[in-house]
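4 protein chains.
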Amino acid sequence: MKQHEIEIRVRYAETDAMGFLHHSRYFVYFEVGRTELFRAGGGDYRKMEEDGLFLVVAKTECRFKSPIRYDDLITLRTTIERVSPAKLEHKYELFRDGELLATATSTLGCVDRSGQIQMMPDFILQSADE
Amino acid sequence: MKQHEIEIRVRYAETDAMGFLHHSRYFVYFEVGRTELFRAGGGDYRKMEEDGLFLVVAKTECRFKSPIRYDDLITLRTTIERVSPAKLEHKYELFRDGELLATATSTLGCVDRSGQIQMMPDFILQSADE
Amino acid sequence: MKQHEIEIRVRYAETDAMGFLHHSRYFVYFEVGRTELFRAGGGDYRKMEEDGLFLVVAKTECRFKSPIRYDDLITLRTTIERVSPAKLEHKYELFRDGELLATATSTLGCVDRSGQIQMMPDFILQSADE
Amino acid sequence: MKQHEIEIRVRYAETDAMGFLHHSRYFVYFEVGRTELFRAGGGDYRKMEEDGLFLVVAKTECRFKSPIRYDDLITLRTTIERVSPAKLEHKYELFRDGELLATATSTLGCVDRSGQIQMMPDFILQSADE
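Protein chains in written order, with the working numbering: chain A, 1 to 130; chain B, 131 to 260; chain C, 261 to 390; chain D, 391 to 520.
Next comes chain A alone, as it looks inside the complex (with noise of 0.2 Å):
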């Protein structure tokens, strides 16, 4: 599984003095969009933390187009852009009502339990090919 669609609705602790999504929490969101992307397509990420395999963020950038306020109900699409054995590259879009409120991208590594690098572990290298 390539690509999925999660709704999140805007917690009102979420927001900030500025009435909007703090731009902070965005990266919250993807996180989540990782993690159910990573679900829907047969994967358990705490059950790769507990086998002791760890995606860490390497690099992330998100364009904040239009602001979130409390209580929208908006759609998250995570995309897996590219993956190897070295990362794991993704893309995300915020949506509402069809408008495009947000897009970023992050990219990933794998590491085990000491921090030193290692391969992506096939499930997820197998992951770009469905």
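No lab work stands behind these hints, which were simulated from the structure alone. Possibly wrong hints are sitting among the right ones.
[Claimed, not checked] DSS-like, lysine-lysine: derived pairs with alpha carbons at most 30 Å apart:
(1) C:Lys307 with B:Lys195
(2) D:Lys455 with A:Lys47
(3) B:Lys177 with A:Lys47
(4) D:Lys455 with A:Lys87
(5) C:Lys319 with B:Lys217
(6) A:Lys65 with D:Lys477
(7) A:Lys59 with D:Lys481
(8) B:Lys189 with C:Lys351
(9) C:Lys347 with B:Lys189
(10) D:Lys455 with A:Lys91
(11) B:Lys221 with C:Lys351
(12) A:Lys47 with C:Lys325
Add chains B, C and D to chain A, keeping to what the hints say.
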């Protein structure tokens, strides 16, 4: 050391759409107060965790008297109220320019890495005598 | 409507170095529970704020019984305990597979945009009768 | 003033189950860096908002080089890279004991209370000349 004061500058990301410090963030501040009280008494909570003992919150309660805004510089006074082998009780008071903004309490227990309840280490038991 | 249940999936960003849901995050969940109870009863808290009335937390208290982990799917039951023109009291219970993980209460007051105390609107006063 | 450094102590609530500062929290720190750079140059961002002008993040990007742990004392260097009537660009560098842990950039725009794009106020335009 039984009591310690620190100053905290309220961050934009900690406010909510009402323009005030979100009530859940007070508990983050209280935790910082505990860490700094511990450090001021010669303790090192990070080292305590590395050695396999963890303080966990069993109960907490807060009364919010006056709202706190972005960029407010507030004073947090943290006091050890009681300590026994089974639990550690703190009191918290938040002030701005001498005005009391909130009061709170918490009760912590001590557990090991597997979550089993442990006796409070001597260092903590003695902190109430100083 | 006096009681409502929702399911919440614990996000990675909500855990802490101990591996558990951070205790401050429970209060974020309780707020979501209040919003959804309000919505289920036909209310719209965002609209209430746009109309100039705000519910503010005057007091809250939580007992943590069992830790909650990343990716746990938990059930939050939110109940209106009491409502009067001056205050609105809720009770919260968190479950995972039927096990009670935490209980909490909160007391809310109602204020206008300038922070002046207001009577609870009729809609909220009537919610306790249903 | 074009560059400013502050020290930040990593809070327990900012870490995640991996034991590291969660990547979304870096953006909270960068915002604190902007506020303090602004203050060090004689500005007052809270007052600017009270006067009806808001700085909003249009784009941000971060590269994470080395993980950051609970209780680490880190240095954040915030630099104004470019400023024009349309946008304000910052660069961020995070250090621990001289080691570079992360680099980031952001682009801010200026809006009024209704979200309409405004020219950067003179105070900010002049900050790049100092």
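### Message
Tell me the numbers of any earlier hints that the structure contravenes, in ascending order.
### Response
No hint contradicted; all consistent.
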